[in-house]
Amino acid sequence: MASEDPFDSALDLLRRLNPADTAKNVEAICALNPSLTEDLLESVDVPLAVKKCSRTGREFLCCDYNRDGDSWRSPWSNQFEPPVEDGEGVVPSERVRKIEVAANEAFDTYRELYYEGGISSVYLWDVDDGFAGCVLLKKTVAPSVKSGSGAWDSIHVFEALDRPRAAHYKLTSTIILNLGMKADALGKMDLAGNLVRQVEQDAAVEHDGSHVANIGRMVEDMEIKMRNQLQEVYFGKAKDVVGDLRSLQPLSETNRDRETQREMISNMTNRG
Amino acid sequence: MGNLETLGSFIESAPPGELPNVTTAIKSIVGDKPLSDLQPAFEKYNEEQFTTVKLPGGSQSVVISPYNKLDDGRYFDVESSTSFVFDHSTQKASNAQSYVLDSSNADLIKSLLKSFKTYVDEHYPDSSIGVYPTDNDSKVAVVLVSSKYSPNNFWGGRYRSSYLLTPSSSSLTGTIYVDVHYYEDGNVRLLTEKSVSPSTSSSSAADIVKTIRQTEQKYQEELNRAFVSMSEGAFKGLRRQLPVTRQKIEWDRVGGYRIGQDIGGAKR
Chain A
1 MASEDPFDSA LDLLRRLNPA DTAKNVEAIC ALNPSLTEDL LESVDVPLAV KKCSRTGREF
61 LCCDYNRDGD SWRSPWSNQF EPPVEDGEGV VPSERVRKIE VAANEAFDTY RELYYEGGIS
121 SVYLWDVDDG FAGCVLLKKT VAPSVKSGSG AWDSIHVFEA LDRPRAAHYK LTSTIILNLG
181 MKADALGKMD LAGNLVRQVE QDAAVEHDGS HVANIGRMVE DMEIKMRNQL QEVYFGKAKD
241 VVGDLRSLQP LSETNRDRET QREMISNMTN RG
Chain B
1 MGNLETLGSF IESAPPGELP NVTTAIKSIV GDKPLSDLQP AFEKYNEEQF TTVKLPGGSQ
61 SVVISPYNKL DDGRYFDVES STSFVFDHST QKASNAQSYV LDSSNADLIK SLLKSFKTYV
121 DEHYPDSSIG VYPTDNDSKV AVVLVSSKYS PNNFWGGRYR SSYLLTPSSS SLTGTIYVDV
181 HYYEDGNVRL LTEKSVSPST SSSSAADIVK TIRQTEQKYQ EELNRAFVSM SEGAFKGLRR
241 QLPVTRQKIE WDRVGGYRIG QDIGGAKR
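Line order of the protein sequences matches chains A and B. Numbering follows the UniProt record's numbering, with no gaps: position 239 of the first sequence is 239. Numbering follows the UniProt record's numbering, with no gaps: position 109 of the second sequence is 109.
Looking at chain A on its own, in the form it has when it is part of the complex (with noise of 0.2 Å):
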């Protein structure tokens, strides 16, 4: 194989290493080369951060996208925690604040119906030809020796490209989930990981409330498809390849059920 870009084989590389570590290896990789540490810092994402608004009370999440140097924007509030040293900071226009104000206010509602707990935050900024944004929610439940413990980080990033009477979507949603348990009889058991999914679609706009409609139904089926596949890949494949790799049933029995089952199939065949 010629000798790949650096950048993409980080990325192939933060694919195949433990995802529970994906945020230290980040790291080591950018400390290995520091030229892939801008790019690789937008593209991976990692966990949320929580932080807590000082005007509202209210907690956010934090992602590059609301972050000016050290500095992290609430979308409750509209202000930079702490503030921004130098100048105001990066905020949206006054018109995609107002959608990124009722987006926000719309999806602490779908947080509410859907997670029942957890944080979320969405942030909006310019671009040409209309706007982009991300969507975030948070949740953890605590450790249980019956159930475990577990931690879900959706992050939606999105552009919303103005057509007319109509905008142009494109999504990209990670869910990040980590689950884990440990008791006596199983011993340690980690099951962490990512999926990453992408759609696009055009969707009519009457008026600017119509791109928080049409954001939150698109996020809303996304994350209802992945949290299904989730559940596939994460209790359905996984365990199906611990399987494949040790039969609880001896395979001599295996064998004969299959056999078993070969002539059965073939006698009605024949029949037939």
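Just so you know, these hints were derived from the structure itself, not from any lab. Don't take each hint at face value.
[Unchecked claim] With a cut-off of at most 25 Å between alpha-carbon atoms, the simulated PhoX-like pairs for lysine-lysine come out as follows:
hint, chain 1, residue 1, chain 2, residue 2
1, B, K236, A, K237
2, B, K54, A, K239
3, A, K225, B, K110
4, A, K98, A, K188
5, B, K114, B, K54
6, A, K182, A, K170
7, A, K239, B, K114
Please read all numbers here as calculations on a predicted model, not as lab measurements.
Based on the hints, put chain B in the right spot on chain A.
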């Protein structure tokens, strides 16, 4: 963390069957500097993961482990009475020679190999085993590895177990590890570790293997139950499939409608 330590940690967490991919990526990231320094990391990986290798001219896979390494760095296989050179970076064996097992437990080791093989053939579709004297011949190590790689379907898995038997006291301790990686449009990893110290009735090969079989059977059942508990427990507790109303959200009524009225004439 120093560079070497970093690279070592990358190699150590390479998923089953993906060490070559991890090494290629590392080379590209550091920019083709020579990687001879990685030798100790490869050695650690191969011994911990019970890497298997086919001997020159042989068809059966033998295990690399800390227990079958000789003082001169060669490894030995009891069943074929062979010692060989193992290249940790290419994972190839060469220079095979005849090797005679020198142990006061040689008879026990040979009957353990036989009984253990009968057991693993019944439960592991593709596995390799080893039984070796260790700890100045005071103990016997029993190791098992079963791997399956399906790169075309973006998954790989490895089951490992290792036991230390003290023949004089019939005490048996061990550890079982499962490692599964799924990486189609994502990166999902199952890592488990379970220490066991089952009680044994005697040091006979038949009794020891029976105990190991019961232990591993019980562990797999426990693991299968844990998948269900996690799915029904933590996973369900994180996000509902649908709201309590069992209906999707009416987005025009939870914010969009209001902003439409607020902004009113902002038709574009």
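Holds or violated: K54(B) to K239(A), with C-alpha atoms at most 25 Å apart: Answer violated: K54(B) to K239(A) is near 29 Å, above 25 Å.
Satisfaction of hint between K110(B) and K225(A), Cα-Cα up to 25 Å: 54 Å, violated
25 Å limit on alpha-carbon distance, applied to hinted pair K114(B) and K54(B): 20 Å, holds
Does K170(A) sit within 25 Å of K182(A), going by the straight-line distance between their CA atoms? Judged against 25 Å, a Cα distance of about 40 Å means the pair is violated.
With the threshold set at 25 Å, check whether the alpha-carbon distance from K239(A) to K114(B) stays at or below it. 30 Å, violated
Quick one, are K236(B) and K237(A) close enough, alpha carbons at most 25 Å? Between K236(B) and K237(A) the Cα gap is close to 18 Å, so the pair holds against 25 Å.
Holds or violated: K98(A) to K188(A), with C-alpha atoms at most 25 Å apart: 47 Å, violated
Checked against the numbered hints given earlier, the structure breaks hints 2, 3, 4, 6 and 7 and satisfies all the rest.
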